[in-house]
Amino acid sequence: MSEPELHDLIPMELTRAAFAPYGTVVPPMEDGTAFGPLDATLRFGSGTPRFYAMRLPNRGLVISRITRHRQVTQVLASAGGLPWLIAVAPPPAVDADDAEPDWRDIRAFSIPGNAAVMLACGTWHAGPLFQAPEASFFNLELSDTNITDHWSCDLVKRYGVALRLAPENN
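Just so we're aligned: the sequence shown equals residues 485 to 654 in the numbering used here.
Honestly, the hints are just simulated from the structure, not real lab data.
Beta carbons are placed, not taken as given, at the ideal position from N, Cα and C, and that holds for glycine.
Careful, some of the hints might be misleading.
[What the hints assert, rightly or not] Have a look at the derived ranges for each label pair, beta carbon to beta carbon:
1. Val546 with Gly516: 26 to 32 angstroms
2. Pro505 with Ser636: 44 to 50 angstroms
3. Ser486 with Asp523: 16 to 22 angstroms
4. Pro488 with Glu618: 49 to 55 angstroms
5. Glu487 with Met513: 42 to 48 angstroms
6. Val546 with Asp582: 32 to 38 angstroms
7. Pro574 with Pro512: 33 to 39 angstroms
8. Gly520 with Pro541: 35 to 41 angstroms
9. Leu490 with Ala580: 43 to 49 angstroms
10. Asp638 with Glu514: 22 to 28 angstroms
11. Gly516 with Ala616: 30 to 36 angstroms
12. Glu487 with Ala518: 50 to 56 angstroms
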């Protein structure tokens with residue numbers, strides 16, 4: 485197989501409006517704040533929610549594969565307060581087994597260490613990505629999400645491309 489065509493992907497600043505097609509930005513807020521529009525509306529169906537801190541090694545900043553979970557939302561946040569990156573694509577045809585994102589629709593975001601993101605059902609994603617040797621992240625999904633609801637698209641096999649995140653400071 486030949487080398488994939490490498491395209492640079494510049495991470496965007498995380499704003500509620502920019503991230504809305506992919507999910508919800510959960511900013512820091514005062515304790516005791518009533519449930520409202522800044523909160524994520526989670527969807528777990530009938531499964532068992534799993535909240536854990538996952539420790540990840542640095543996997544680099546080149547994306548060759550992107551994944552989605554069709555049945556549940558997923559919440560990610562830095563456990564150490566470090567900024568990080570995520571690449572996302574909109575969740576079209578959530579119910580179609582063979583639906584895959586167009587690589588040109590993939591966007592990247594720079595996530596500040598004090599915010600979380602909730603990925604909408606079906607949102608394609610790659611990350612968390614970061615430049616440190618390793619980092620820990622809080623992850624809220626179902627206990628069997630990565631077994632029963634894990635759909636991937638290999639960008640190299642499908643399109644012959646890979647995406648290189650070109651962050652400024654992450």
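Consistency of the hints with the structure:
1. Val546 with Gly516: 26 to 32 angstroms: violated, 43 angstroms
2. Pro505 with Ser636: 44 to 50 angstroms: violated, 20 angstroms
3. Ser486 with Asp523: 16 to 22 angstroms: violated, 47 angstroms
4. Pro488 with Glu618: 49 to 55 angstroms: violated, 26 angstroms
5. Glu487 with Met513: 42 to 48 angstroms: This hint holds: roughly 46 angstroms between Cβ atoms.
6. Val546 with Asp582: 32 to 38 angstroms: violated, 25 angstroms
7. Pro574 with Pro512: 33 to 39 angstroms: violated, 26 angstroms
8. Gly520 with Pro541: 35 to 41 angstroms: holds, 37 angstroms
9. Leu490 with Ala580: 43 to 49 angstroms: violated, 29 angstroms
10. Asp638 with Glu514: 22 to 28 angstroms: Check failed, 43 angstroms falls outside 22 to 28 angstroms.
11. Gly516 with Ala616: 30 to 36 angstroms: The hinted range 30 to 36 angstroms holds for Gly516 and Ala616, with Cβ atoms some 33 angstroms apart.
12. Glu487 with Ala518: 50 to 56 angstroms: holds, 53 angstroms
Comparing the model with each numbered hint stated earlier shows that hints 1, 2, 3, 4, 6, 7, 9 and 10 do not hold.
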